[in-house]
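Chemist: Here are the chains, one letter per residue:
There are 2 protein chains.
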Amino acid sequence: MTWVNDSNAPLLTDLYQLKMAQAYFKEGLAGTAAFDLYVRRLPPARSFLLACGLDDALGFLERLCFDHGVLDHLAELGQFSSDFLEWLAHTRFTGDVYAIPEGTPVFADEPILEVVAPLAEAQLVETFVTNQIHLQTVLASKGTRVVEAAAGRPVVDFSLRRSHGVDAGLKAARAFYVAGVASTSNVLAGRVYGIPVSGTMAHSYVQAHEDEGAAFREFLRLYPDGVVLVDTYDTLGGVRRLIALARELGERGRVSAIRLDSGDLEALSRAARRELDEAGLGQVEIFASGGLDEHSIDALVRSSAPIDGFGVGTLLGVSADAPVLDMVYKLVEYDGRGRTKLSADKRVLGGRKQVFRGKTGDVIAKADEHHTGRGLLVPVMRSGRRVLDEPLEVIRDRARREIAALPERCRSLGPIDPPYPVEVSCALSQDQERLRDELTKRSLPPR
Amino acid sequence: MTWVNDSNAPLLTDLYQLKMAQAYFKEGLAGTAAFDLYVRRLPPARSFLLACGLDDALGFLERLCFDHGVLDHLAELGQFSSDFLEWLAHTRFTGDVYAIPEGTPVFADEPILEVVAPLAEAQLVETFVTNQIHLQTVLASKGTRVVEAAAGRPVVDFSLRRSHGVDAGLKAARAFYVAGVASTSNVLAGRVYGIPVSGTMAHSYVQAHEDEGAAFREFLRLYPDGVVLVDTYDTLGGVRRLIALARELGERGRVSAIRLDSGDLEALSRAARRELDEAGLGQVEIFASGGLDEHSIDALVRSSAPIDGFGVGTLLGVSADAPVLDMVYKLVEYDGRGRTKLSADKRVLGGRKQVFRGKTGDVIAKADEHHTGRGLLVPVMRSGRRVLDEPLEVIRDRARREIAALPERCRSLGPIDPPYPVEVSCALSQDQERLRDELTKRSLPPR
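Chains as they are written, first to last, in this note's numbering: chain A, 1 to 447; chain B, 1 to 447.
If you are wondering where the hints come from, they were derived from the structure by calculation, not from laboratory data.
Don't take every hint at face value.
Here are the simulated distance ranges between beta carbons [as the list claims (entries may be wrong)]:
1. R63/B / A45/A: 49 to 55 Å
2. R274/A / D417/B: 49 to 55 Å
3. R252/A / E423/B: 48 to 54 Å
4. T2/A / P419/B: 33 to 39 Å
5. E423/B / A75/A: 53 to 59 Å
Heads up, the beta-carbon is just placed ideally off N, CA and C, and yes, glycines get one too.
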């Protein structure tokens with residue numbers, strides 16, 4: 001099993017990045033480039049995205065270094081010259097980075113990150129930086145929807161087993177916590193990020209015992225305030241068994257909650273609530289899980305099903321309805337001149353930018369313009385050193401505050417119309433026309 | 001940036017696994033358990049799945065060890081007793097594993113893996129093992145569709161930047177290679193797995209130059225047989241510019257292919273082919289990319305668009321149309337007795353099994369039954385030591401052979417009807433009835 005680490009991470013890139021870097025090196029194209037990382041369009045099922053993943057991107061940039069093992073491998077490919085590999089051995093990321101801080105809602109065309117660095121350095125980091133910010137932005141954006149649907153009830157992240165690999169499993173817990181998820185089942189995420197961890201029992205525990213009653217009894221003996229899974233054989237039978245046991249155990253088996261993981265969760269939660277209340281177990285909460293997403297949670301909440309919290313796994317963990325974003329990293333300036341491209345349906349706004357968030361919407365402007373509202377892009381790295389390093393709780397608080405400040409309709413689950421208003425400033429628009437005119441002239445076909 | 005590695009991987013689990021393991025330890029439930037890993041149902045858009053990921057699962061099992069750092073963290077959680085943690089310090093995976101080898105098509109309910117081990121050991125590895133086999137099975141299954149659609153034309157994996165994290169980025173290249181993808185842009189995957197790597201230039205390279213002609217000229221000077229991206233400004237203009245340059249350079253700029261990355265790929269490929277052929281550049285191939293999946297590739301191939309290869313990224317890399325499988329790891333036997341559960345819509349076939357693949361379909365049978373056809377489950381680990389360790393090329397060859405042996409309709413892209421026939425043997429069915437009867441008697445509600 002191969003793990004990715006500081007040593008081999010620089011190879012986690014597309015071959016063309018290295019081939020272009022070699023070409024820049026050979027051609028002496030060493031001027032300063034600005035690349036924007038942004039999403040070309042929002043998935044139909046998203047009215048905003050939550051920026052996330054910057055911390056890991058900056059950690060990578062700060063530690064970028066091509067060591068001997070990596071250089072030896074590149075030499076073996078037979079496509080790189082020794083002078084380029086020598087140059088690569090000394091390459092570090094020395095650029096500046098501007099970013100919209102994690103936990104901020106963002107929209108199409110808004111640069112989440114602007115990397116300003118010598119051309120080859122900025123090119124070499126594209127793949128890894130995009131990979132990390134894409135992943136966590138996809139997942140945090142999904143997480144906000146699930147949290148919104150739960151309307152104040154805690155949501156627990158159960159996604160690890162069906163996340164896409166170990167890195168996604170770990171980062172998912174972080175992104176969901178930023179989005180407002182209350183805790184995770186993921187023990188490593190608890191250790192690395194300090195996220196509260198929770199977990200109780202699976203069906204296998206019940207199945208391994210002679211009968212359900214024995215399983216409940218043993219479990220409560222060890223974990224007196226445990227959450228008991230009642231649906232292994234027959235949900236309401238399980239509830240009754242638990243009630244009988246709780247009566248018998250008294251203070252020795254307090255039971256904090258039952259968990260329902262299958263069947264008609266609305267009907268079962270009502271029936272279970274009724275039985276628990278009639279037995280004087282009004283303090284025992286009901287926790288629901290099993291194939292949930294924002295829509296099924298929203299339906300349960302709207303139906304007033306007596307459910308006190310939700311465990312969400314599969315559909316949250318990969319953002320199943322929108323697992324990818326059309327997120328790109330595009331050259332917008334080189335050697336002091338704005339750059340764009342004219343490919344069909346793939347707009348690039350040339351030039352360095354600022355995004356202003358006002359009371360009524362956003363303006364994507366040139367970097368040196370002034371507009372009302374806050375400028376969202378802030379310096380996060382100077383000359384290869386981080387100047388922003390935020391505790392996770394700060395990011396999580398920002399997310400809660402900034403999402404609450406969005407227009408009400410952005411927090412609904414359906415497609416919204418009209419979308420959140422994002423304008424391109426007059427000055428930036430005029431620049432685009434000029435850039436396009438220049439390019440059209442320069443790229444007239446040679447016949 | 002935190003990396004997952006041998007030391008912290010055992011914490012990449014759900015808290016409940018550790019809590020259940022502690023309960024088993026305290027209760028003395030140390031008998032042998034069998035857990036099956038299988039998919040409950042295929043996504044509507046899949047007619048088969050390609051088993052993949054076993055190698056990483058076995059690597060994890062072989063090296064499982066809770067070291068001091070991990071144990072200290074668990075102690076800090078305040079939920080684990082010192083005698084349990086002492087036991088955990090000495091725990092290794094000592095069980096047997098049976099699996100359907102990687103690169104084999106599998107169907108719903110068929111155990112891809114059967115873990116036979118002391119209960120707590122088998123429980124502790126659920127999350128990680130599921131995570132790895134789920135990921136690679138999801139991706140290999142998607143990969144087979146894209147390869148099938150390309151009908152013999154090479155497919156290149158471009159997915160790294162939008163894979164879900166670094167582990168998925170690496171494993172995706174492996175899974176796609178197993179599925180028949182020809183090469184990857186992912187340099188680390190090339191190093192780790194020996195997969196051919198390929199890559200040429202991005203739009204940023206063209207944009208960074210004064211004009212497209214200068215970019216092409218410099219690129220071909222360094223990479224005379226390069227693949228040139230022609231759609232940065234105007235696709236056919238780019239093709240003409242390249243033709244002019246190729247004429248000028250002669251043998252010094254051979255150009256192996258052009259790449260189209262936007263617009264109407266069918267129309268543009270035809271127009272580009274015509275221009276190239278008229279210029280005597282019939283040997284220059286046309287490579288297409290940009291938001292492709294099996295359906296768009298199939299449409300291009302059926303239209304006879306003159307495209308010689310495809311680069312596929314975003315929609316392949318996360319298996320966008322089916323990013324998760326309902327893959328579960330369920331207790332099927334403990335202490336010599338078959339185990340099942342009765343939860344609504346969540347069937348578990350109790351007891352240890354064999355899957356027989358015959359000429360007309362599969363039979364899921366009891367482990368000791370004999371049926372016509374090959375038994376797919378083979379021993380892959382004995383007492384915690386691997387007994388199967390296959391080169392990637394062997395797995396890839398198996399995939400090609402086994403997919404070709406499926407009924408023709410399984411290789412179509414649409415939903416198939418009737419599905420591939422999978423039966424449960426009479427003996428296994430009868431066992432299920434007996435198990436259910438026993439459970440129903442034992443789980444009569446206590447009122």
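Chemist: For every hint, state whether the structure bears it out.
Modeler: Do the hints match the structure? See the list:
1. R63/B / A45/A: 49 to 55 Å: Because 40 Å falls outside the window, the suggested range is violated.
2. R274/A / D417/B: 49 to 55 Å: Check failed, 44 Å falls outside 49 to 55 Å.
3. R252/A / E423/B: 48 to 54 Å: 49 Å Cβ-Cβ, so the 48 to 54 Å window holds.
4. T2/A / P419/B: 33 to 39 Å: The hinted range 33 to 39 Å holds for T2/A and P419/B, with Cβ atoms some 36 Å apart.
5. E423/B / A75/A: 53 to 59 Å: Since E423/B and A75/A have Cβ atoms about 55 Å apart, the given range 53 to 59 Å holds.
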